[in-house]
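Trainee: Chains as they are written, first to last, in our numbering: chain A, 1 to 115; chain B, 1001 to 1113.
A portion of the hints provided could be inaccurate.
[To be verified] Chain B regions said to be covered by chain A (calculated; three or more residues, Cβ under 8 Å):
1. 1048 to 1056
2. 1100 to 1112
[As the list claims (entries may be wrong)] Derived, one-sided and incomplete: chain A residues facing chain B with beta-carbon distance under 7 Å:
3. Tyr32
4. Ser40
5. Gly43
6. Pro44
7. Phe46
8. Thr93
9. Tyr101
10. Lys102
11. Leu103
12. Phe105
13. Ala107
Source of the hints: derived by calculation from the structure; they are not laboratory data. Every residue, glycine too, gets a C-beta built ideally from N, C-alpha and C.
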Amino acid sequence: GESVGLHLPTLSVQEGDNSIINCAYSNSASDYFIWYKQESGKGPQFIIDIRSNMDKRQGQRVTVLLNKTVKHLSLQIAATQPGDSAVYFCAETASSPPNDYKLSFGAGTTVTVRA
Amino acid sequence: KAGVTQTPRYLIKTRGQQVTLSCSPISGHRSVSWYQQTPGQGLQFLFEYFSETQRNKGNFPGRFSGRQFSNSRSEMNVSTLELGDSALYLCASSLIGMNTEAFFGQGTRLTVV
Chain A
1 GESVGLHLPT LSVQEGDNSI INCAYSNSAS DYFIWYKQES GKGPQFIIDI
51 RSNMDKRQGQ RVTVLLNKTV KHLSLQIAAT QPGDSAVYFC AETASSPPND
101 YKLSFGAGTT VTVRA
Chain B
1001 KAGVTQTPRY LIKTRGQQVT LSCSPISGHR SVSWYQQTPG QGLQFLFEYF
1051 SETQRNKGNF PGRFSGRQFS NSRSEMNVST LELGDSALYL CASSLIGMNT
1101 EAFFGQGTRL TVV
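Pulled out of the complex, with its shape left as it was, chain A reads as follows:
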């Protein structure tokens, strides 16, 4: 199928600790993956992306890992801050039909940062 799922619906993390958010995807034809952050009352905010020819990509405090063998995607947030509290979605798309020109989203993980 084309579903993109997250392993855990919620994650509670201590401020300053590292967070790891996981996502499993089922479409082996997907070749572009994105992580979004959505805060209450706002639209999804682009965090980081990765293409299928890579297995790791780093941004500012964030790292995305892609394991195509087991169809697994993860987002690591270093030194988690209160402002990181939000819902995180993984999304996938493909370069060929029928899943091109569209993003398929996972169910989302709600991250709560404890002070």
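Once you've looked at the hints, dock chain B against the given chain A.
Mentor: Only chain B this time, still in chain A's reference frame:
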């Protein structure tokens, strides 16, 4: 650089009415796509437009339609509204398609009563 702008932000409509939502993409972006977000179904793809052409469509009834203008602005229309159409409708824009960075607007919160 202005982000993706969606109007209106909030809308209340009665069952059976129709509604038109608007999306202005980031300047220079030619791909616009629409998503419906509900607590039960999550984020669901509606359709995508590029240079006024629909390139992909999600599994929604024909009551949901859209179009894109020559300036890349897009509108979506929902006719004969049902209670289940209550949702946050999100628009995303990207340079050429969803395999490039896509940025979302704040969304339009539609409530059908």
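Trainee: Of the hints given before, which are not true for this structure?
Mentor: 4
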